[in-house]
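A.B. asks: Since the structure of chain A is already known, use the hints to place chain B on it.
There are 2 protein chains.
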Amino acid sequence: MFNKITIVGCGLIGSSIAREIKKKKLAKNISVCDVSSKALRDIKFLKLANEISSNLKACCKDTDIIFICTPLSAYEPIFKTIRDHAPISAIITDVGSSKSNIIKLSEKILNKKSSFIPGHPIAGTEESGPKSGFLNLFKNRWFITTPCKFSKKKDQKKIEQLWTKFGSKVTSMNARSHDNIMAITSHIPHLIAYNIVGTASKLEAKIKSEVIKFSASGFRDFTRIASSDPTMWRDIMIGNKKQILFMLKRFSKDLKHLETAIQNNNKKKLFNFFQKTRSIRAKVVKAGQDTKASNFGRKN
Amino acid sequence: MFNKITIVGCGLIGSSIAREIKKKKLAKNISVCDVSSKALRDIKFLKLANEISSNLKACCKDTDIIFICTPLSAYEPIFKTIRDHAPISAIITDVGSSKSNIIKLSEKILNKKSSFIPGHPIAGTEESGPKSGFLNLFKNRWFITTPCKFSKKKDQKKIEQLWTKFGSKVTSMNARSHDNIMAITSHIPHLIAYNIVGTASKLEAKIKSEVIKFSASGFRDFTRIASSDPTMWRDIMIGNKKQILFMLKRFSKDLKHLETAIQNNNKKKLFNFFQKTRSIRAKVVKAGQDTKASNFGRKN
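Same order as they appear, the protein sequences are chains A and B. Heads up, the first sequence is in this note's numbering, so the first residue is 1 and it goes up one at a time. Heads up, the second sequence is in this note's numbering, so the first residue is 1 and it goes up one at a time.
Please note that the accuracy of each hint is not assured.
[Said to hold, decoys possible] To list a few chain A residues with every Cβ distance to chain B over 10 Å, as calculated:
hint, residue
1, R19
2, S37
3, D64
4, L110
5, S172
[Stated by the list, open to error] Listed next, the in silico DSBU-like pairs over lysine-lysine satisfying Cα-Cα at most 35 Å (straight line):
hint, chain 1, residue 1, chain 2, residue 2
6, A, K154, B, K208
7, A, K57, B, K267
8, B, K206, A, K268
9, A, K108, A, K152
10, B, K256, B, K242
11, A, K268, B, K249
12, B, K23, B, K131
13, A, K276, B, K249
No lab work stands behind these hints, which were simulated from the structure alone. No residue lacks a Cβ here, since even glycine has one placed at the ideal position from N, Cα and C.
Bound conformation, chain A alone (with noise of 0.2 Å):
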């Protein structure tokens, strides 16, 4: 059991790690920092710390280990006061979506005798805010620790220990790995969802509404992705900017070609385009990454 965890950020993710710790007795102190006045009030109301502060130097004081779990804009800040301000031997550790541009900043801010352990559990919703974290939000999720020049072994394992104990799949790689995996597993489809739907909402008002009331038919899906948090999003974006620019072009590349391809009546190429795409979603759910359940015609 720690003597103290600091959380700073305290929204979908930052609570549920809360949450856990809480629940599993992880911490003697659970200490919550956050900008936001109103997600100070909601983690006084949920019980989720025993310190809830807007002052990081505070909240850093005698702490064993420190998440954090703003947006990634928030970071030099956050990595200055904790520099200055945390002991020494206090882990840092995080739960940002892109790590190379996160490494690098550490690398320039923080001690030199510092311990970081960069990390990124691969869970979440689209809701923000303390109120829509839970239990169990990361279980049987993965967890990627991407180590840097400044991550311990030993400090490495106790992350990823806690992770273990939250419930999720523990996993290490490199940074460049882990930024080129989530620039096409979840930032290209954001991106693309936020397209669309950015898309459909300068129609003509008369059209927007029937889109609304006949989304069921595949949009609802790509309206629920792009309402994710803005901020958060932005911030990957610029975050992981290489990698997403890179994939980006193969994508556009990718549909210019189908584009052509409607254009010639190519049926032949349509269709086996369309059937190749089937067997990868036959491997995705025999990784256990998804189930057979169809979603798409959800009932409610």
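C.D. replies: Coordinates of chain B only, in the frame set by chain A:
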């Protein structure tokens, strides 16, 4: 109660219609025609019809209503057989996802005295085949009729009453509006889901297996959509070509703008864009087309 209803093409939609007609005793005789012998065996096993055949001529005999539930590319020979062998009093209707092209085809082939009520239920899953159909698939879902010059008012009413009995909410619009709305709510979403899964499938083998492993971060939802029936979707892309290409141009232009914003670190533009799309989601939920329950982080 009708004497005989014929269903041509008995997959997910056709078999669900058969289930409704049987359960609600809406016809004395249900006749099912399909070109797949496997489908015919499944329909026999499921006891969905009392006449099961691959011979459309026989299935059309003395029928009151013909539901065409095949991929769009099969309509031409079906229209011809119906014209030559079904009673002139039979009501012809369909469930195809694009309407203008089908109406044009019907005007070219059908007898001038025929009664054709083009229709489209906004319901379905990514599964296909008679075993994937189910009772209540259409419950609380929209059914759209797009009347054409072959649509007799009294027959349109009969078809709409049937769909009301299936549990659907019924509405009517012109074919062009339908095709326009479906391009943005259904056809483009499917096309880009297929496309991103296709882009991922071309990645190097090592990364591809990681993409599958970490697909819960968004990608899995696209693999689900992109596992829909390839023949059906090939036909839709060609069938609604004009509207799809028009909307795709807008989509690609918007995506180019987002790409430029990422390239230029234009945080303000990205934030405003991601913020704006949230309001559409709220309207979708308000319109009863989806629930607020978060789904992206499904627990199984």
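A.B. asks: None of the hints should be skipped; say for each whether it holds.
C.D. replies: Here is how each hint holds up against the structure:
no., hint, verdict
1, R19, "holds (14 Å)"
2, S37, "holds (21 Å)"
3, D64, "holds (28 Å)"
4, L110, "holds (23 Å)"
5, S172, "holds (12 Å)"
6, A:K154 / B:K208, "holds (31 Å)"
7, A:K57 / B:K267, "holds (28 Å)"
8, B:K206 / A:K268, "holds (29 Å)"
9, A:K108 / A:K152, "holds (18 Å)"
10, B:K256 / B:K242, "holds (21 Å)"
11, A:K268 / B:K249, "holds (23 Å)"
12, B:K23 / B:K131, "holds (16 Å)"
13, A:K276 / B:K249, "holds (25 Å)"
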